[in-house]
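Undergrad: Read off the chains here:
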Amino acid sequence: MTDLYEAQRAMRNMRKAALQRGVIAILDVGSSKIACLVLRFDGERFMGGDGVGALAGQSSFRVIGAATTRSRGVRFGEIEAMAETERAIRTAVQAAQKMAQTRVDHVIACFSGGSPRSYGIAGQVEVEYDTVSEQDVARVLASSDVPDYGNHRDVLHAQPVNFQLDHRSGLKDPRGQIGQNLAVDMHMLTVDTATIQNLLYCIKRCDLEVAGLASGAYVSGISALVEDEQELGAACIDMGGGATDVSIFMKKHMIYADSVRMGGDHVTSDIAMGLQIPLATAERIKTFYGGIVATGMDDREMIEVGSDCGDWEKDRRTVSRAELIGIIRPRVEEILEGVRECLDAAGFEHMPSQQIVLTGGASQIPGLDSLAPKILGQNVRIGRPLRVQGLPQAATGAAFASAVGLCLFAANPQDEWWDFEIPAERYPARSLKRAVRWFKDNW
Amino acid sequence: MRPIDPTEFAKGPTLGGSARVSEAVARAIRARRGQSGETESAPQRPRDPAPSRTAYRMSRLWLTPSFRFFLRRIAPVAAVAACIGLWFAPEDNREAFMGQVMAIKAEVQNRPEFMVKLMAIDGASGELSEDIREVMAQDFPVSSFDLDLPGLLAQVESLDAVESAGLHVRAGGILQVDIVERTPAVVWRSDLGLEMLDAEGHRVAALGSRLDRPDLPLIAGEGADRVVPEAMAILKSAGPLTPRLRGLVRVGERRWNIVLDRDQVILLPEVKPLGALAQVVALDQAKDLLGRDVAVVDMRRPTRPTVRLTEAAQDELKRLRGVELGVSYR
Numbered sequence: 001m002t003d004l005y006e007a008q009r010a011m012r013n014m015r016k017a018a019l020q021r022g023v024i025a026i027l028d029v030g031s032s033k034i035a036c037l038v039l040r041f042d043g044e045r046f047m048g049g050d051g052v053g054a055l056a057g058q059s060s061f062r063v064i065g066a067a068t069t070r071s072r073g074v075r076f077g078e079i080e081a082m083a084e085t086e087r088a089i090r091t092a093v094q095a096a097q098k099m100a101q102t103r104v105d106h107v108i109a110c111f112s113g114g115s116p117r118s119y120g121i122a123g124q125v126e127v128e129y130d131t132v133s134e135q136d137v138a139r140v141l142a143s144s145d146v147p148d149y150g151n152h153r154d155v156l157h158a159q160p161v162n163f164q165l166d167h168r169s170g171l172k173d174p175r176g177q178i179g180q181n182l183a184v185d186m187h188m189l190t191v192d193t194a195t196i197q198n199l200l201y202c203i204k205r206c207d208l209e210v211a212g213l214a215s216g217a218y219v220s221g222i223s224a225l226v227e228d229e230q231e232l233g234a235a236c237i238d239m240g241g242g243a244t245d246v247s248i249f250m251k252k253h254m255i256y257a258d259s260v261r262m263g264g265d266h267v268t269s270d271i272a273m274g275l276q277i278p279l280a281t282a283e284r285i286k287t288f289y290g291g292i293v294a295t296g297m298d299d300r301e302m303i304e305v306g307s308d309c310g311d312w313e314k315d316r317r318t319v320s321r322a323e324l325i326g327i328i329r330p331r332v333e334e335i336l337e338g339v340r341e342c343l344d345a346a347g348f349e350h351m352p353s354q355q356i357v358l359t360g361g362a363s364q365i366p367g368l369d370s371l372a373p374k375i376l377g378q379n380v381r382i383g384r385p386l387r388v389q390g391l392p393q394a395a396t397g398a399a400f401a402s403a404v405g406l407c408l409f410a411a412n413p414q415d416e417w418w419d420f421e422i423p424a425e426r427y428p429a430r431s432l433k434r435a436v437r438w439f440k441d442n443w
Numbered sequence: 444m445r446p447i448d449p450t451e452f453a454k455g456p457t458l459g460g461s462a463r464v465s466e467a468v469a470r471a472i473r474a475r476r477g478q479s480g481e482t483e484s485a486p487q488r489p490r491d492p493a494p495s496r497t498a499y500r501m502s503r504l505w506l507t508p509s510f511r512f513f514l515r516r517i518a519p520v521a522a523v524a525a526c527i528g529l530w531f532a533p534e535d536n537r538e539a540f541m542g543q544v545m546a547i548k549a550e551v552q553n554r555p556e557f558m559v560k561l562m563a564i565d566g567a568s569g570e571l572s573e574d575i576r577e578v579m580a581q582d583f584p585v586s587s588f589d590l591d592l593p594g595l596l597a598q599v600e601s602l603d604a605v606e607s608a609g610l611h612v613r614a615g616g617i618l619q620v621d622i623v624e625r626t627p628a629v630v631w632r633s634d635l636g637l638e639m640l641d642a643e644g645h646r647v648a649a650l651g652s653r654l655d656r657p658d659l660p661l662i663a664g665e666g667a668d669r670v671v672p673e674a675m676a677i678l679k680s681a682g683p684l685t686p687r688l689r690g691l692v693r694v695g696e697r698r699w700n701i702v703l704d705r706d707q708v709i710l711l712p713e714v715k716p717l718g719a720l721a722q723v724v725a726l727d728q729a730k731d732l733l734g735r736d737v738a739v740v741d742m743r744r745p746t747r748p749t750v751r752l753t754e755a756a757q758d759e760l761k762r763l764r765g766v767e768l769g770v771s772y773r
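Respectively, the protein sequence lines represent chains A and B. For the first sequence, our numbering begins at 1 and goes up steadily by one. For the second sequence, our numbering begins at 444 and goes up steadily by one.
Since the hints were made in silico from the structure, they are not lab data. Just so it is clear, the structure is predicted and the values come from calculations on it, not from any experiment. Glycine residues also receive a C-beta, built at the ideal position from the N, C-alpha and C atoms. Misleading hints may appear alongside valid ones.
Sample of chain B residues facing chain A (criterion: CB under 8 angstroms; computed from the structure) [what the hints assert, rightly or not]: (1) 492; (2) 499; (3) 502; (4) 503; (5) 560; (6) 672.
Simulated restraints on C-beta separations [stated by the list, open to error]: (7) A:170 <-> B:515: 57 to 65 angstroms; (8) B:512 <-> A:397: 51 to 59 angstroms; (9) A:120 <-> B:512: 52 to 60 angstroms; (10) A:314 <-> B:515: 57 to 65 angstroms; (11) A:98 <-> B:509: 53 to 61 angstroms; (12) B:541 <-> A:98: 27 to 35 angstroms; (13) A:194 <-> B:505: 30 to 38 angstroms; (14) B:473 <-> A:204: 53 to 61 angstroms; (15) B:536 <-> A:204: 31 to 39 angstroms.
Pulled out of the complex, with its shape left as it was, chain B reads as follows (with noise of 0.2 angstroms):
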């Protein structure tokens, strides 16, 4: 007996008749074409609602949350990366890949917007752009991706002549060079020749000839060159003796000489040479001590200032003293 589905029971007649003799009509129809051809039409029982095993698993594992979170969000990104990473193993793969972005890359750094054609110098006299040139070696044009700036400025920097520089690229292609050059205060003897040195004791270039540059000062010695700053100020005050001044000369590393012309030499202490040197200039302004025939005043104890006057002086020194005395030594 099969149970009829109780909606079936409730439709109401159609116009062919009754549902219910329709139906039959067509189970009749049903039964013969079973009859000719297949065999297991007949037992049509009620669909089951019920799910199987498996999808009734597979429904609850669905609704595990944590499942649930591992299929929606993880798994597709493992997923993407997992393809990512299974076509880069590949060495071949790797390769090309990277050829590619740098063709690409290379392709967008020498667009001529980023070129670089040509390169400004300011602030640097001609013979330094010379060697500015010739250090930083730059081949123009050149992309402004290729330009080592950082290293081009420390290049710049490292000439003698070059105080500070900036480095930078202009619109229109341009490298601009910004020079301070160095100034030359002082012209240093020593060992090796001729130097001239700025105000701070800092090489700015060598000298040929002391007659190339008669206008700045001469000091000698060792180590005359670190103490630079203590030299311009003595040599500042040196003040009316200047005409006279040949140079100053570095004693030992400790002190300084100055030397005047006709061989007059003026030794100053080691501390305070300035105040020496003024207690010097007072004596010549009052007595014109150095006019006289002095070979050296030494000041090396400022609260003795010695004087060693040359061999005429003394002879003639000695000759007064006789007479003074009614002695003849001769």
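Okay, chain A solo, but in the shape it has when bound (with noise of 0.2 angstroms):
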């Protein structure tokens, strides 16, 4: 645990150094496409006015530099080819550092394979003196007991999520309320270590350091949902190439994150395979003429599948868009199952609030808000990002949500359990703090 609390505490560092220099660099590694935004913080906020109220934080920064590549080398969210993806990043790193004519140094990542994993971790401990002070707080998040949740496995995010002192619960800032026993309720998130070992070095390759790593589903889900969802409960579903992300938020904390290990380039590879077709051809078909409908129309709608194999007969080929459809439909519907089942898994029906938020860039297929109410239940709709400041009009689009969502958390992290104070008995010995306790223990 404290080599964790180590890693974490110096990429927090690490961001608050590059947000005094004013520059970072937000990095979004996707398994179709590999998106870099140059983020700007000039220090004036926008504080609300004129019928606006005050931003959820997304004032303080500014786009200045935006840039996408297609992603090779990462396949479910997870890097498959170290020199591939490195040199995506680099690509995409590169063009926009062009376009924001500066240098950056500090880059956040997200991603969203690495089969996340949540766990609800609950710790309980006596207050020490009337009122709950910083130390107590702390010994209560040290006394949670945490799972073995495996060597290979690190802990992503572990935010507490609620507080509670004697009988009372939902405490936001449990400090300076007087009780006597304070009980903490935590979210969890651990990832495959190889995963982010992998990220970072492809990272590190090329000359930037990692200011803060997170979730795709997180920051998907925090750019996605408003306010209000995100404080009455809502799932967000970030449906992306290689993975789709569940996150399910309450009271603005992410309480459970999953991923199904299916998404666009699924359908596509289903595409080509049915269709006989190149993966490239397939994913033109796929984004040009793609459905989940089909009407009467799509029968008499031919599509040119062809190819250049030579032969006249192969290359020539037609085939309806119902038939496309027909092919598209049953992945489609085979993601939202396996949606349904991390619902399920995560007791999404006992939650006051069923909202679910699509989003990704696989929600754009037509006809999907009329599929996943089926499946999924009635509080459907189809999300897109926050816009943020000076966003290009090409990076608004659902595909940008977890870029977006990055965005937000650079600007302002939840607290997480590293960001609050060390215990004293975890202190290394001669610790001042520690002698000063000592003194307030013995007079």
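From the two separate chains plus the hints, produce the assembled complex.
TA: Written out as structure tokens, the structure is:
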């Protein structure tokens, strides 16, 4: 646990240094594209006025550079070919830097793979004096029973979701309150160590410093869910290229995250296999003619699939749009079923609000808003990410939900476990705080 | 399986058939050419848009503000400075450069516009202007850049007869010398001979003989030249005594004697000599003091003027006293 503290604290300090300098890059390493945005923090915050309320932190920065590149070497949101991924990151970063006309040294990255696993953990401790102090908070966090999540996994997020003081629950900040029994509920997200290590290595090879890591599910939830959805409870489903992320928010905290290892790329490969065409052609046909609900008109709309094998019969093939939809729909259904399973596993049906927001590149497929309610429940909407200053029009689509969310994460991250004080027992010997504590105890 | 570039796919049919067909034809032709000649033209992969590691690093370096500033502002200056420095490092180059500079300088300075051809002296008598020419010893024509005007001025002003001088180069290449001469006021006889002094006691010139300047009053004695203004004042207030005045003698560097003809001497006090002199003049006018047989009028104590008679006068006085008393010394 201590080395995790160290690494995460180091990243947090790096992020502070980057904000001091005013320029930070965010990097969304996805299976189908790698997006890099360069943010400039100029210090002035928009505090509301003129009919607009104070914004949720997205007014403190401005996007000055944006670039995307086709992702190569990433599958299921995990890095599969290091050199290819490194080159793709390099391409995106260089293009974004060129647009921003500045050099970026710090980067915050997110990824959706690594089979994220959620744990709800709880801790309880007696309050030392009458009122709850920072040390009490630190002790209760330290006392929470961390499950054995495996050697090959790392904690990516560990956020205190709820504090409970005696019989009062739902406290946001228990410090200074009077009580005896302090309890905490935490949400912890672990991912495969290898995934993180690979990503860190790729970023390091690009001469960049990592100032933060985030789960794709979490950041796309931040950007795609509006404030009341986050407060009342909602699920964000980020349908990416190689993986579909599910995150459940409640009281502005993420309480569950998971990912289904299927996405838009699988639809593409289904089309390629079904129609015997190259992947690039299949991708093109999918984005141009793809759909989920077939109508009578679609039987008559013929699509030239083509190929270049030299055989005239094969090269001049056509396929009706209904056939195409027939290929796409089962796969999308399968993805949504997977999501449904995740939601069931999380106990989403017990949530007070059953809002589901679909976002990500694959959510742009026409007809999804009529299919999704059949599988997921009635409250489904297609979400687009929040608008941030200076974002190019091309990067405002649903595919950029996690990139935009990462911007917000960079601007004001939630307090994580490692942002709180270290409990005095864990301090190294001869620490000044320990001495002060000894005096307090004995006089 | 080589992925098709989507833009290529989107091309419309051309005159010779669809784009894809012509692509296939072209590929067949390419393949045939490959068979005959080259061996490695077949695997044509799509161009990699990724920058190489070096290119990436260079672009990042170029976007670094300090590096940019260095390369755009400091480096050019440094390069130029280094080139100049390297050229000037050998002694020969430096000398050649300085020689060039000096040649151009001399050429400009020796242009006829800057030449001074003659010297004009105003306000000096013939003798003095000869002296000035001699002292300055300047050969003409000379460039005005080579003239050391302050030095020349100092030389001219070092002459005793010159009270002040002005020196400037006039239009037309003429060196104009304006002189204000000292006017001699007294003749001073000292151990070294006769000298003319002006009213402030500054030496003007030596004098061969007193008879050369009989119009000037004579002063004598050591240190007399330092108190010429006082002497002038005494001479001025001598009034009726002036025709009889032979000169002034400085005694012991502290007081004056007025020497009249018939060897009469008026001894003036150290302080307020003019008052004492006025007293003597008044006595003379009232009692014709100096017309009598008096050798010395001693005014060193102005409250008690003393008169020394001549030998003959003393005898006569004794005789008259004898007559008065009925006694004869003889």
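Undergrad: Next step is simple, just say for each hint if it's right about the structure.
TA: Consistency of the hints with the structure:
1. 492: holds (6 angstroms)
2. 499: It holds, given that the least Cβ distance between residue 499 of chain B and chain A is near 5 angstroms, below 8 angstroms.
3. 502: holds (6 angstroms)
4. 503: holds (5 angstroms)
5. 560: Status violated, d = 69 angstroms.
6. 672: violated (83 angstroms)
7. A:170 <-> B:515: 57 to 65 angstroms: Given a distance of about 59 angstroms, which is inside 57 to 65 angstroms, the answer is holds.
8. B:512 <-> A:397: 51 to 59 angstroms: violated (39 angstroms)
9. A:120 <-> B:512: 52 to 60 angstroms: holds (53 angstroms)
10. A:314 <-> B:515: 57 to 65 angstroms: holds (59 angstroms)
11. A:98 <-> B:509: 53 to 61 angstroms: The hinted range 53 to 61 angstroms is violated for residue 98 of chain A and residue 509 of chain B, with Cβ atoms some 19 angstroms apart.
12. B:541 <-> A:98: 27 to 35 angstroms: Given a distance of about 51 angstroms, which is not inside 27 to 35 angstroms, the answer is violated.
13. A:194 <-> B:505: 30 to 38 angstroms: holds (35 angstroms)
14. B:473 <-> A:204: 53 to 61 angstroms: violated (41 angstroms)
15. B:536 <-> A:204: 31 to 39 angstroms: violated (52 angstroms)
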